[in-house]
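> Could you slot chain Y onto chain D? The hints should help.
Number of protein chains: 2
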Amino acid sequence: MKFKIKSFKIGAGKPIVYMNKADAVKLNINIGDRVEVSINKRKSIGIVDVAESYFNPGELGASHLIISELKVKSGDRVELEIVPVPKSSLLLRKKAFCKEYTKKEIDLIIKDIVDDKLTEAEIAFFISGVYHCGMTEKETAYLTESIYKNGNIINWRSSKIADKHSIGGVPGNRTTPLVVSICASAGIKMPKTSSRAITTAAGTADVIESVADIDFPIAKLKRIVNKTNACLAWGGSLGLAPADDKLIQVEKIIHLDPESQLIASILAKKLAAGSKYVLIDIPYGEGAKVSKKGAKKLKKKFKNIAKHFKLKLETVLTDGSQPIGNGVGPLLEIKDLLRVLSRNNPPKDLEDKAIKLAAIILEMIGKTKKGKGQKLAREILDSGKALKKFEQIIKAQNGSLKNLKRAKFVKRIESKSSGNVRKIRNQEINHLARLAGSPVNKAAGLFLHVHKGQKIKKGQILIEIHAESKDKLNQAIRFFKSSEAIEIK
Amino acid sequence: MKFKIKSFKIGAGKPIVYMNKADAVKLNINIGDRVEVSINKRKSIGIVDVAESYFNPGELGASHLIISELKVKSGDRVELEIVPVPKSSLLLRKKAFCKEYTKKEIDLIIKDIVDDKLTEAEIAFFISGVYHCGMTEKETAYLTESIYKNGNIINWRSSKIADKHSIGGVPGNRTTPLVVSICASAGIKMPKTSSRAITTAAGTADVIESVADIDFPIAKLKRIVNKTNACLAWGGSLGLAPADDKLIQVEKIIHLDPESQLIASILAKKLAAGSKYVLIDIPYGEGAKVSKKGAKKLKKKFKNIAKHFKLKLETVLTDGSQPIGNGVGPLLEIKDLLRVLSRNNPPKDLEDKAIKLAAIILEMIGKTKKGKGQKLAREILDSGKALKKFEQIIKAQNGSLKNLKRAKFVKRIESKSSGNVRKIRNQEINHLARLAGSPVNKAAGLFLHVHKGQKIKKGQILIEIHAESKDKLNQAIRFFKSSEAIEIK
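Heads up: the sequence lines are chains D and Y, in that order. Residues 636 to 1124 in our numbering are what the first sequence spells out, letter by letter. Residues 636 to 1124 in our numbering are what the second sequence spells out, letter by letter.
Chain D extracted, bound-state conformation:
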């Protein structure tokens, strides 16, 4: 049936098609049905919503995604067809019975996720099935390939493209900008794209966003990398592995992140970004995403899957049982980074970890001999080259490291007793920083004055909470007092 578009820039996040109720009744279309809207040879799939007003019979509204995909404007005439339940939707049942997917089946599911043919409920069902039944190595490799190929791919002239990735979960674990600055100083290309925080206090993208732009088209990103050897960009709008973005969106809703999905997600993004050398940081321990045993299993799986793609991959298992550095929150973490880079009272745990990771990449690519990486990394850091490189990258991303803001409200919390810091719980610390306003309020977050194992006295400052509003500050203080974020005995 023919419809006239009534442009309607709503629902920027989802493909929705709005129609008059009378049209819906006439066409036997229900809310939630999938329809295909087409004009010339451009096609777009949307989920129907029915309007009782605003749209007249014969008029069709569409959310921003569809409008831009079809390149239509008000008054354009489009064709609408009902789309039957996609085959991929029926395939989801297979994992409900814990059966193994074929390459073709996985590809169909991933394609339909990219094309918005599957709803969030269906994607949640897919993730949940994968979580409960797991995936074989073969399935995980198929999933990786499918996620990676169904999206943009960046090609580089050089083959010495390196990347690092942390599986996350540890507050303040902001080694990426340091590793990138050190390695890029040594002449390694690191086109680093990062994600925003999902459940933690801040992701690398959130942190860099507090001092520079992070969202670039691929061509601009390439110019930045060609100029500085690196970038610290947000991966979200590059169209690399778009299926992964949608999977993550739903994982965020259901607070679940199955292992094979995690591996496929990370490797697909690296492959799409053109990386040939990849270092994976797997923090383990109490309060981390995995136990030591789990970390070892994960390491093996990463290595096995990487082989399918001839990707040179190293993994490093690190202590993830407490936050790293002092700052937790975008600007507070930038300040930690600058303390390391400018050699001015650096948080030792953050510095040591960054050097350890950078060393592995320097050795992988042959910038130095096996065993000499840490020495080289430290030299680069001490020489001031890494600081200069970081400043250069931030400048190339239209940013500045001057006049870093401090939050309006800061509350220092003192210890009520003397003793040993037994535990600093990652999840509680992440939640606390989020309550204080991180990562949205760039200056919000925490400054940790203590680390695990430290002896402290009654009245000594444990933590500072930084917030931009009194409300958020009080909410965070209340949570801290009721939680056991920092355990002292």
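A portion of the hints provided could be inaccurate.
Note that identical chains are pooled: a pair holds if it fits in a single copy or bridges any two copies.
With a straight-line Cα cutoff of 20 Å, these simulated SDA-like cross-link-like pairs (lysine to any residue) come out [unchecked claim]: (1) Lys881 to Asn665; (2) Lys857 to Ser793; (3) Lys945 to Leu897; (4) Lys970 to Thr1003; (5) Lys1023 to Leu897.
Keep in mind that the hints were calculated from the coordinates and are not lab data. Being a predicted model, the structure only gives us computed values, none of them experimental.
Frame of chain D, contents of chain Y only:
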């Protein structure tokens, strides 16, 4: 923050709140976030969508559900607050690890489903977790109680309220109107509420809707039952077990129906409708929802859960390996019903099954002695009382059984070979009828000329496809030819 409502009757199916992009940015609200809109003491939860046009800063749009819940109109001033992730959302993870829920936890999840605090993706995750890990008997009883108590409950003066239910899946299995007519003739109160088809060709509600109204407020439903001893209504808008409606909506999307969820769903609806005696029909066999072994297990679980609620419950395991009767589709099934009720060439399988089920209810309530139920049911049928009762119910529901429509296009399909009908596959038959237009096009569907085990000759008619459009007819014919809906050997 205060907003001015701009009434916007869109999104009838989901609670959505629309706001200007600038407001969203200012409030750090993202698409998909939950907000609470309130006015005086009325509150409503919605999911945010961001509009780039139509709504000015300070204006708030809301979908129909919210508008009617808040009783607001354009220009009313409301308060908007961000709602944190509900605790129930975090509880969903528990089933991901196959842990047992407490009563309180289940109640929290169900309450939040009813209050629209959980999204479809979260509900899909819940269902999937329950599917993969199962639920204990205790959990299933808690789930039943929670679904039943979080909604409207109908109270009756009499305690002799009976109900029947089929777990479904078998095309043409329209015994409900027959059982209800027979039992109501014998003086049993049967306030029957049914659902629409989820994946089958037609549900009882779809079938009755082809000749009468099915959607009533509770007060009107009670009047119908007090007058005729029964009703054949749609349960959807009565607000009985509303959590169940939302669970079913998502189950439909993910094509999954976990067992404990199925039991809780059925029993909660019966309890909310005030039933004290319940008969559950469990069709089993190839192409049915369960195997014979599965049916026996299900029977035991139904009995165990019913005990928690002092519900008198019988189950009957029936052959579900092929369609029942001849018609599949709303009006075609009505015609089958009338052939049984008017004693005019009745489909024997449908008649026998209806008598068997009615007999159990008649015996349960003591209308006759044990073992005499079938005789009584047949007498009532032969006397014409059941037909009269059916006509009376349809009339009370503003309907008529005169001039039943026939679809515009009918295609008779002949057998290409002689042999035995080995199989008639339920799922293919359901799909075929849906392709032909059932249940939306009331006259659409199938008329089966053969049954399993029947000897047939080449050229003999197997099936008629009834459709209201040439397109749908051809689509169904194509599917039939490529499928093995009817297997002959």
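> Determine for every hint whether it applies to the structure shown.
Checked hints:
1. Lys881 to Asn665: Between copies only: 15 Å across chains, 24 Å inside a chain, cut-off 20 Å.
2. Lys857 to Ser793: within (12 Å within a copy, 78 Å between copies)
3. Lys945 to Leu897: Cα proximity of Lys945 and Leu897: one copy only (19 Å, versus 48 Å across).
4. Lys970 to Thr1003: So Lys970 and Thr1003 fail the 20 Å test inside a copy (30 Å) and across (85 Å) alike.
5. Lys1023 to Leu897: Neither: 34 Å inside a copy, 64 Å across copies.
Hint compliance for this structure: hints 4 and 5 are not met, and every other hint is.
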